Amino acid sequence: MIFLNRILTTSFLVAAVIGLSFGGASIVLAGDEDAVTPGQRAAILKTFRDEVTPFLKAYCTECHGDKNQKKGDVSFASVFGRPGAGEFRRQWQSTLVNVKDHSMPPEDAAKQPADEERRKFVEWIPKVKYLNPKDPGAFVIRRLNKTEYGNTLRDLLGVDPSVARELPDEVPGEGYLNTLSPLQTEQYLLIANEALNRALGPGDGPATDRWKQLFGAPPASGADPRAAAKNAARSLTRSAYRRPATDEEIEVLLSVFDLARENKLDHPASLRLMLKAILVSPQFLFITPAKEPPANQSIAPLDDYQLASRLSYFLWSTMPDAELSALADRGKLNDPAILRAQVKRMLLDKRSQALFDGFGAQWLGISGLREKRFDPAKFPEMTPALRTAMYDEARLFFDSIIRENRGILDFINGDHTFVNESLAKIYGLQEKISGPQMRRVRIKDANRGGILSMPATLAMTSFPERTSPVKRGAWVLEQLLGEHIPPAPPNVPALEKQDKNKIANLTLRQRTELHRTNSVCANCHKIMDPIGFGLENFDAIGRWRVKDESGGDIDARGELPGGKKFSSPKELKAIIAGRKDDLARNLAEKLLAYALCRQLEGYDQIVVDRLLENLGKDDDRMQTLITEVVTSYPFTHRRIK
Amino acid sequence: MTKNTVLDRRACLKGIGVTLALPLLDSIGWAENSGGKPARPPVRLGFMYMPHGVIMDQFWPAGPEKFLTEPPPAIEALRPVLNQCLMVKGISGVPIKPFNGAPHALELSTWLTATLPNADHRNKIDIAISADQIAANHVGGFTSLPSLELATMPQTHKENQEGLNEGYYSHCSFRSPTQAVPAEINPRNVLNRLFGKADKPGTAPRHDPLDRGMLDLVIGGARDLRKKLPQDDRHKLDEYLDSVRAVERRIASIENRQKDAALEKAGVGPSRRNASDSAPIEIKIPVGDKRSEYMRVMCDLNVLAFQTDTTRVSTYIGSTPNGVTYPELGLGEHHSFTHHQNKAETKAKVAAITAFNISQFAHMVIRMAKIKEGDGTLLDNCIMMWGSGLEDGNDHTRDNLPFIIAGGGGGSLKTGRFITTKGNQGDLLTTLLACMGVPLDRPIGIATKTIKEMMNG
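Which chain is which? The protein sequence lines are A and B, in order.
Position 316 (the first sequence) corresponds to 300 in the numbering used here; numbering is contiguous.
Position 61 (the second sequence) corresponds to 64 in the numbering used here; numbering is contiguous.
Because the hints were derived from the structure by calculation, they are not lab data.
This one's a predicted model, so the numbers in the text were calculated from it and none came from an experiment.
Straight line, CA to CA, 20 Å or less: simulated SDA-like cross-link-like pairs of lysine to any residue:
{"id": "1", "chain 1": "A", "residue 1": "Lys554", "chain 2": "A", "residue 2": "His400"}
{"id": "2", "chain 1": "B", "residue 1": "Lys239", "chain 2": "A", "residue 2": "Ile624"}
{"id": "3", "chain 1": "B", "residue 1": "Lys231", "chain 2": "A", "residue 2": "Asp287"}
Okay, chain B solo, but in the shape it has when bound (with noise of 0.2 Å):
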């Protein structure tokens, strides 16, 4: 990497106790997907998870014309950006039988995936690509990262209901039916990996030049002793590789955008980005460890991820099922709070915790409707859907899961609405995908169809 990166539009970020030059972000808006197409910015795809559902009067709208004048005290917090909204009553999510002792194991790892784990291998991890990453498969190829996975919580719980693998407590993003993807709970990783090494600003080189042939070398050179293992290593092996190979187009990636900014600079060739007219947004690492900190944090990273285009799918774990605590609310574990018995006191508790995790996506959204794209905005290029894989954590129900949408999805979504339909988790899934553009050659889990109610034309 040379000087010439040094670019005048690059930016600096501000957080507490840290400056933030960010090389990468020398241009930022979206890149063409393809040369001579008119320029028109990408669908983006997010997801953002609660789990152990909600209390339902607190959540669905009272009908579709109260949705947009008075809507439900659980989704408040998205006032602002209500006619941007879509809420969707009467998707159910997938039945669980054999595992009903595992509603927390399954609430999570079969929603993006509409699919239940292979019981006849329940210790191992065997379900189903998840929605977000067949997203990936068919968009990721165009900026750095093919896709980005958030948690605030380590992934690795260890009970393991019915005899299933503990990883489905805490993994929705599978990258095969074997490979769960695990994400990233460090905000700080994600800054520095994603937008520069945070102490030394625009100087440090964050690949050596030659580390991509010296990748495609050693990638070559496990040809021999692949040939040498039993299948299953194989398969070990191959899974390595494979993210291996990820980083050398990533990294390569990264190099051809600083080579296009650096030539629109001297004035050679054509830029084939579209800039955006905002500045890229601020990122303050928290310093303690307030919850709605941390959770805005990685709202954050997932916008600018958005906006500068590293990235068109995101997955964000709010939380997962065991254990998250919300000291800021005076309230314990939340899955404890979930069997409320019906008692109002500790309803009254769920609903805060749920309208405490909406206004952390209102945030995002707000923020992502704040800047400008194109003839728009962000939020109008994107689908961000939030959501739990449960409706009642009381009973564990799942008859109506919760979620909402706030985006255009580029002009493909009917926003502004509350409807009621009748279909499933999977259903839902294949819809956003269409909505993103993304062909499917089989439906997702178990999608009979598309929602045509939540589309446009």
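Pulled out of the complex, with its shape left as it was, chain A reads as follows (with noise of 0.2 Å):
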């Protein structure tokens, strides 16, 4: 299973960013990010004050202006008296597209505005970005994750990762991934002795290559043997705290190698204590900084260790490589054309599919594939293996994206795929593929062909006995287009609580239409529904039928809001692809918040537009994501104060 610490819950509403204009006079941003001069600054927000809050307060805060009571989760009582903080942004972009498509003030609102009024508040909204000073955000020292820490223990001892499997799953999250048990910190002594044991063997007989490797030749008859121990823990140090140690950190081991020898341990078992004194340090188990921040700044670039450490672990998850390492002692990764490179070099790399792993499995919300359930009476070839097909199809598709630098429509609009003998089958290809290998195919039904119809999301889109439409409408719209969908209400009867009776000869379809003649369900289903029922041709393992459970014939004909329409998958395809820019943004988006580990904050805005603008400068290439990512600002800064 994999679970991960890093964050995946953001998303803006859409937005274009409407050309910027201070009093009339149209600025265009030149190349740097910086080009908002604090007079700039200061204007935006005296037209705030001015022109947007008298317009809040007349139009909107009658209805959205409790701090409690958030009326469709929109609430403007505390904005006022700082427009730009994070966590009003997704509200600003809402708020943007209903002034401006007129959706807000409602109709039946006692007071509209003026044409003109309505201009300037909508115009004003894009600049919002502009308020925040520049900031990369903290870089909070984190725990390795458990896939990450077993990786690490991999990589540094040669032992298989599974070692750390008894270690909790973890949940994304801040705040939660810091907190141990004591039984599970325990853990962690508990797994380094197994890793040292499977590593180095019971230790008694002559040193092996292993031994040779991590601790270096025994020392010779004669020698100083805490001299030769310290030349052990600065090679070992230098691998496992991911950084040079620092001399206190030298002196604490060779504390512990005094102890043992005081002990009576022999040479052999006194290094290998050490050794487990690094596996439960905070230096291994975090990712610390090499150097102390300078003290009269707010603001310092990682320093190269720290960069080798957040880049390894982002692609990765696990420690930088040699090469990485070599780099980052000549101080080299500052240089963006080496970062570049590296990061080339490191997608290219198979240990990048723990990307897909950490990030893309999370992003298309297959993570729980393996251990989801279907009714085996009426899915019986839903085996373990076949989801785990599933998965590796995923896996295999987006990887190929990366690695071949297609563009990011490719995921909407791929025409291969890969498939085993028994994924063949639910795609009910016609050429003979025998065998559980995975091999790549090309797809000629435009109805297939990309994430939309990959068995994989449409099963975990899918009750263990049915499709869900909603769940299909509602996956799209949350981690395909970056929407945000509030929860249903209470007190709202799932559709099994239905009247029987008054059911019994309709299709599923017909069935979640009775969604929209309840206005409360209404505004949300008539956007997720349709969609969903454009993906009703496939069932709830991703299977191709023209009938549903019900035996009624699919329908698979749809309209979106906007009056786009669509009567099958492949015409839904393509109107989601047209919302290239909605699929690049949250894209790009929950990409650059699992890289930072953080929620993406106000000031983080400014960054992903410019990301975005980059981006289609190189045709939405996937690898031109990635490299502007590692080169963005908050990837290479960290906030100190």
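Fit chain to chain and form the complex, with the hints in mind.
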């Protein structure tokens, strides 16, 4: 099971960035992110006070003015003192969309703004992002998650990463990961013991190759054993702490060595205890900075060692390898050209598969697929092996888009995929594919191809016994397009509990459409459900069908707000692909948040906008997106105070 | 660790496919809190949780006089120990405004805190230390484990209602306002770590004899690192170092226990421990994934941990608010049934799930009632509370939180009764801690009082 500590919960409602204008004169932002001067910032704030605030108070706060009762999840109660704060990001975006298209204030409101008022208000909102001073955000030290910890032990000691399997799984979210119960902390000690036993054996024989690699050659007779231990401590910590240890840190390890010697342990056993101390040290379990931050600054670039670790755990979920470490030693990683070249190299390395397990699976919402249960009576073919094949298909597909440096639209439109024998049956492929081995195939059916019609995502957004157009629709909106759907209000019956007689002869689609007869439900469901209907040709495990469970014909027609109509998965895919800007923004934000291990804040919006601009110039290629994230200001800097 | 830890009284526990020697059980019974005091068993505090509320007319007794003679269907399984049980109606949960859209994140996270999350930092854990952890701070030093947290589901559910941190959805124990305590969900891990390694009975040294000294040096050595870090980083580092310190203390406590046992066996020095008359209970690790067996083995581990005085505080999240199913009852996802719209058929399903959960709790406390301790039984010295964080899952109400307490709390609780009172969740928790003898420097959450009617004397 893969669970991550990284945060993947950001999303903006999408808004095109409108040209900036200050007092009528248009300013085109130059290439520098700092293009807004303090004076311009003050002007934006002045407009907020003089024009935006009166607008909000006249037309909005009557309904959206209570801090505790947020109607439609929107409240302006605390926005007046700090309009640029991160928590209002999404709200500003939806405000922009709703006021611009006249959805707000609602038709029946007592007062409506004049067109000119509305225009000024709408023009101001995109400037909110310039209210925040440039800020990379904090880079709080963080404990390696379970996957990272296992992989790091593998790279350090040559043991199988499953040595860490008994650690608890983790949930993404700030404040949670760094808490351990004493039993779990003890687990680290036990795992350290186990990993050392596996790597070094009982340790009473002659030094093995692994031993020499870790500790160096045994000291010659007559040589100072403590000096030999000191050398070993230096080289071990360079890898395990992912930076050179300080003299104090070396002294601590030598005192562990001394403790062992005083207790009559021989030289090898004493070194072993020292290595165990390294493995339970916070310097190993946390990514820590090499140097004390400069006292008089509030923002500092990451030192090369920190940058190497951040990059390595981002793309590989493990410690930096020899090449990356050597570049860090030589102080080369702050050179953007070298950093870019490393990203390319690392993405082509097979360790970059970790980016799918860590990020991709979470983005697509399929992390739990291998544990998801399906009704065995209805779907006897949905075996663990088939679920694994489905997961692997998504992984290989994601990986191919990165490796081949394809554009992000290929996630929707891709004309290739990966199948084995059992998965080929789900696809109904005619060609002969036998055996459990996954292999690449071309997709000729335009209803197939891409993540919208992939068995993994279709199955994950279904119930154990049937499809769920609602879940599928919500998945497309939230995971792919980055929209926010509020949870269903309490006291709403799920479909199962509808009156049995009334619904007996309805198809699932017709039953689902009952949502829209209830005004509480209709608001969200009129957007979610049609998308799901467009995918109803795929059953709960992703097979093509023309009739649903009730025996009624599948009706895959639908219409999205704005009047876009479709009648098949193929046409739905084309409409989704048409929202490339939304797809790109959502993916970029999720990836940046994952890379930074934090939620995005108001000051990050400038970074995201710039990143998208550069991405667009390079045909939205995946490697460009990842490189842009790695070379971005917040990835390469940290706030100290 | 040396060979003399293998003692006469070491018991062998049989499980399916596994025979477990328990080096830590070389002596069972409880340790003295401090030398010289008369031997009186300590009070233990245990919580067990079920989400989504109950069917009220199946749960609340018809009246005080009917409690013992005609208990309501939901608690039928507790009939053998009803005179050691206490039911109290009229305890309300924390009002959840401004988190009206997050009833399930709050039913669990407010259960032992009686406090709402901080609305200004809702995406972080920021609530209050929970009652079980307050108790652990007070009595945790006497045992090798300050508290035991168990669950039957991974605490990784990712729903974030009202923008609340996902952790609120699956945690109820908080060591500090910002630290959720994770629960152990693998019974084998609990058994191995608390009572010895399963595959090498009695022989495997659990810890290197130098581990304590080594950990001590590691903790001391982090001081320099700490100085270099900004404030937020220090906080994270301290959390880790605190938990390492706890491990060190635990190893020390295990070592002391083994030393005492060895001395006692050698006839040198009097025992500081009070022997129990009952042999350690048997633990069976279930092989399949039957829910009743899984829930029960966690109950058994709780009993064993209390019986052996490995800990005095436990919190067992029998299930979290997300996605538990009951194939044994032929029932699917718990939550979906609780929005039953007052349909008799669906309410019957919720009632069945509730009775199922309470019967696991009954299994646990009945076992405790059979274990002799001092002049009475283990249950006499326990405060075991089963409960839910909602009253009616259909409407998400919490005016009368459903719960039942079993155990005498060392004589502090007036049991065998059903009473009606007026109070809140904080009052209840404050009362339980008072019964345990835990001094409080401030009331728990929204508490304003202790509920005197629940207590003796």
